[in-house]
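Undergrad: Spelled out, the chains give:
Protein chains: 4
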Amino acid sequence: MSNIKTFGIIGGDKRQLFLAQSLLSDGYHIILAGFGKLREQGFDNLSSVEAAILYSDAIILPLPSVRADKSVNAPLAARSIFFSAGELEVMRQKPVFAAMRDRLIRAYPALDGAEVFDYAARDDFAVLNAVPTAEGAVEVAMREYEGTVFGSRTLVTGFGRIGKILAKMLKALGSDVTVCARKPSDFAYIEALGYHAKNTASLSLVHGYDIVFNTVPALIFDETLLKNTDEATLLIDLASLPGGVDFEAARKLGVDAHRALSLPGKCAPKSAGEIIKKTVFSIIEEVNR
Amino acid sequence: MSNIKTFGIIGGDKRQLFLAQSLLSDGYHIILAGFGKLREQGFDNLSSVEAAILYSDAIILPLPSVRADKSVNAPLAARSIFFSAGELEVMRQKPVFAAMRDRLIRAYPALDGAEVFDYAARDDFAVLNAVPTAEGAVEVAMREYEGTVFGSRTLVTGFGRIGKILAKMLKALGSDVTVCARKPSDFAYIEALGYHAKNTASLSLVHGYDIVFNTVPALIFDETLLKNTDEATLLIDLASLPGGVDFEAARKLGVDAHRALSLPGKCAPKSAGEIIKKTVFSIIEEVNR
Amino acid sequence: MSNIKTFGIIGGDKRQLFLAQSLLSDGYHIILAGFGKLREQGFDNLSSVEAAILYSDAIILPLPSVRADKSVNAPLAARSIFFSAGELEVMRQKPVFAAMRDRLIRAYPALDGAEVFDYAARDDFAVLNAVPTAEGAVEVAMREYEGTVFGSRTLVTGFGRIGKILAKMLKALGSDVTVCARKPSDFAYIEALGYHAKNTASLSLVHGYDIVFNTVPALIFDETLLKNTDEATLLIDLASLPGGVDFEAARKLGVDAHRALSLPGKCAPKSAGEIIKKTVFSIIEEVNR
Amino acid sequence: MSNIKTFGIIGGDKRQLFLAQSLLSDGYHIILAGFGKLREQGFDNLSSVEAAILYSDAIILPLPSVRADKSVNAPLAARSIFFSAGELEVMRQKPVFAAMRDRLIRAYPALDGAEVFDYAARDDFAVLNAVPTAEGAVEVAMREYEGTVFGSRTLVTGFGRIGKILAKMLKALGSDVTVCARKPSDFAYIEALGYHAKNTASLSLVHGYDIVFNTVPALIFDETLLKNTDEATLLIDLASLPGGVDFEAARKLGVDAHRALSLPGKCAPKSAGEIIKKTVFSIIEEVNR
Chain A
2 MSNIKTFGII GGDKRQLFLA QSLLSDGYHI ILAGFGKLRE QGFDNLSSVE AAILYSDAII
62 LPLPSVRADK SVNAPLAARS IFFSAGELEV MRQKPVFAAM RDRLIRAYPA LDGAEVFDYA
122 ARDDFAVLNA VPTAEGAVEV AMREYEGTVF GSRTLVTGFG RIGKILAKML KALGSDVTVC
182 ARKPSDFAYI EALGYHAKNT ASLSLVHGYD IVFNTVPALI FDETLLKNTD EATLLIDLAS
242 LPGGVDFEAA RKLGVDAHRA LSLPGKCAPK SAGEIIKKTV FSIIEEVNR
Chain B
2 MSNIKTFGII GGDKRQLFLA QSLLSDGYHI ILAGFGKLRE QGFDNLSSVE AAILYSDAII
62 LPLPSVRADK SVNAPLAARS IFFSAGELEV MRQKPVFAAM RDRLIRAYPA LDGAEVFDYA
122 ARDDFAVLNA VPTAEGAVEV AMREYEGTVF GSRTLVTGFG RIGKILAKML KALGSDVTVC
182 ARKPSDFAYI EALGYHAKNT ASLSLVHGYD IVFNTVPALI FDETLLKNTD EATLLIDLAS
242 LPGGVDFEAA RKLGVDAHRA LSLPGKCAPK SAGEIIKKTV FSIIEEVNR
Chain C
2 MSNIKTFGII GGDKRQLFLA QSLLSDGYHI ILAGFGKLRE QGFDNLSSVE AAILYSDAII
62 LPLPSVRADK SVNAPLAARS IFFSAGELEV MRQKPVFAAM RDRLIRAYPA LDGAEVFDYA
122 ARDDFAVLNA VPTAEGAVEV AMREYEGTVF GSRTLVTGFG RIGKILAKML KALGSDVTVC
182 ARKPSDFAYI EALGYHAKNT ASLSLVHGYD IVFNTVPALI FDETLLKNTD EATLLIDLAS
242 LPGGVDFEAA RKLGVDAHRA LSLPGKCAPK SAGEIIKKTV FSIIEEVNR
Chain D
2 MSNIKTFGII GGDKRQLFLA QSLLSDGYHI ILAGFGKLRE QGFDNLSSVE AAILYSDAII
62 LPLPSVRADK SVNAPLAARS IFFSAGELEV MRQKPVFAAM RDRLIRAYPA LDGAEVFDYA
122 ARDDFAVLNA VPTAEGAVEV AMREYEGTVF GSRTLVTGFG RIGKILAKML KALGSDVTVC
182 ARKPSDFAYI EALGYHAKNT ASLSLVHGYD IVFNTVPALI FDETLLKNTD EATLLIDLAS
242 LPGGVDFEAA RKLGVDAHRA LSLPGKCAPK SAGEIIKKTV FSIIEEVNR
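Chains as they are written, first to last, in my numbering: chain A, 2 to 290; chain B, 2 to 290; chain C, 2 to 290; chain D, 2 to 290.
If you're looking for bench data, these hints aren't it; they were derived computationally from the structure. Mixed in with the good hints there might be a few duds.
[Unchecked claim] Pulled a few chain B residues facing chain D out of the computed Cβ check, cut under 10 Å:
| hint | residue |
| --- | --- |
| 1 | A131 |
| 2 | A189 |
| 3 | E192 |
| 4 | T280 |
From the three backbone atoms N, C-alpha and C, an ideal C-beta is built for every residue, glycine too.
The shape of chain A in the complex, shown without the other chains (with noise of 0.2 Å):
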């Protein structure tokens, strides 16, 4: 994989866009397929499919790659985009990478045993993206909440990759700052970063905190917590689907409830851009190793 210098970018949002500039700015070529809509706003340098294929030394898929119709997911192509036999063929022949590589592969069988890789399912690219998706939480929180950050109390549940960073974020601005998690370790590491540390285990009574953070993917607010939660806390819940929060007893009992998912593409395409770079960077680098 030593000698990459086109990248065939196919498919994607506005982080894609972003991606092709970074890497057209370290000096890589940049072939672009399924950005048709964007045409009619002036940008040029578009492809074919089959040429970002063709002519490409690697592929880079969106995020996911593939629709369920197994379309590549490809919101601003001017229509949908299915990978013929023969480009296939010529995929596997170069590096793809892609997010979400088993629903690819299902999709299209002929990519299976061919160097597919998923830099989605990668830690790094995990933790990287809790940078974003904390700020995307922090932007909700300043937009809902009606007072500043700074000075507020804060309750942040579960302590994985966007715990820590949303976390220590939120102290940064002044916030003062309680950590719900379940391990003694965790609790010491709460404590020696600064923060208060909180049981989830024992989390029956949510109160005195202005806005509290979900990042468990599990349902930790419950019909019962919500009652045992202050009508004045914003919950903003970060967790995946189904997420952590029952919306409905929420908007039932008066609770100011918000699920933001996604962040990083949404809040900071750029940032997501460059994330999905360093990334298959990495794995580049591994590989060559």
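Go by the hints and put chains B, C and D onto chain A.
TA: Same frame as chain A, but now just chains B, C and D:
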């Protein structure tokens, strides 16, 4: 002024409502007038202006206190509020906390010589409001900028109250911060606090910054400087009107410029209300000393 | 273990004295034994080892608990302390909190099967101790380095407990921090937290750093690497013995290298005592659950 | 002053040596005089005072520049240095950067009217030196206090240059910081930066603080206040002589008080040397403008 038990709060927006709520939870009695529009929203406990003047120990007017037509600045009132001669007679007997005292007295000369305290003219009020202003600016940046503030390169022009707090916040979020100022001692503080210093006088090129925040109330970003500003730069003008950016030129040159004014009231009315309260009590304490 | 009112604290250094003081101010009774040397300093309230064992509800031994000669590690005791068969018989009836449990039981097999809890073997204990360790390392750096940590360029090798806390502290003080690690997810965290990441595997030159902190318990700084280390660099080795630096080679090559061990006990015995207390109570809570 | 290529550096301590080294690595020629004691340590390249005056384009004197006996402040010189009439005649022809200009001119009236710039009297010099001063104070605290600064409760009296930087540093290290000041706008800044504010005027009891740093050059900690200071409190006086603490009373009352003076030169001569250089160049730039 030692024995204030009841505050009359007349006119204003959400800030005054949060102020009222905060005073209430401190144990004070509140007589609220000039919020008639809220009645339809089920808001109770609203009084007449007359009652708020008559039965209170001190009166708090909004920010600013009166409009050009001499009416109280009361956007949530059902109708315009003008003080009558009788009301003014009573107001002369008790402390009145107002913003833009001069304008108030020009509108109501009967208050001349009365105990009218301008809370908004105080330095501490302005410093405290730098926090919601800076946070509002960060919110605008997070919303408008397509990357994360973390890892961004930002420029803050001006090292007054807002510049000081904003630079701290941006750095805390992981931005690489440069601050423009004019005095050697400011350069020294800027470096001692971990930012890069730049001389405003020699600012002829704005290159390599993702986001620029102007806090200087002078036309810094005129057409000439905007011509030497990266097109990709997001420009946020926090300076009070007429502001520090030639928006017309920015539009022509394709520079993405945003005016962000009155941020405390818009982004964080709760904190803004708390700051009014804190300043009013500082005044009371000083007078009683 | 639910009803502990009196702790017997036997042996140890200042850490155990601060532990005793802290437990006292929490309302516990303390029986202190093995501090006879303090008697000359006017220290009262010292008991015999026998009393401490007999009249307590739980016993806390120091860190480490016993020496190679089976005596209790009691540098402040007037004479060596060995547990008698009778004492051991009583100790078997109550919880004993010790450090290096295996060594203790090897020395006193009668304690096998008893409720001996090793507080020092726990992950949370190690994490909490990373704070006084990192702060001790900063103190050494401040003392030995002729510039300020603010504005310095520092390298931390290893991103375990100490590396995590130390990097945070150095950055908070205004240093430009690089962290060496080996895993892609660690690189991602390092960057997401605002440090520069470097691969330990490719560390063949240590150039441009004012201070280097080694936390890796392996010979990273061997003669070869030391030959490629700037002479002006201050090197502080925090790794437990045999350590990560070839000190003999460093001396020959003129690299200013310092070994910094057992920092919590030396630099912050008060915090170290608090951490023992906190860990003992975590154990009690877990057992009682 | 536009064409300085060679600096004559006469007298001083390690700070001037680091200054010389830094100027050298910037490409300047350096003539070093008044460091004769270093010759035994193998230090070469030492000149006579006469040569340093004669062959340089500008002269830098130490901090302070002259002693009470009119000799140059040169603790590392082999013998006392006094400027001769001939030397002064040459010095009048070139810029001289000195500290405590008045004392220098009183000692050598021939320099009156010459281009003598007092770098140490400048505000930016003082601000920049607040960093090594504050860091030196933190070092003293870490060495003397038996707990960690992290988690400690600290009080800083005074919110001038040192108070500002020191409070920031302590908070960054995880201390809960209170700052004493006198002006409402200072209280506002103190709170807006995340510290607790206290009025110096009402400081009659110092209770609940682990470490107190005095930066106010007035006898704040007199016998009366010391009587109302917790015995366990560590007191560090940073105020220039006569200082802000009655040390005699402290000793009697058992309060652990430390005087910490001239910290930049003692704790961080390298940074102190850089600050002299930076200030000298700021002066040159201003003169040339």
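Undergrad: Of the numbered hints stated previously, which ones are contradicted by the structure, given in increasing order?
TA: Of the numbered hints given earlier, the structure breaks none, since each of them holds.
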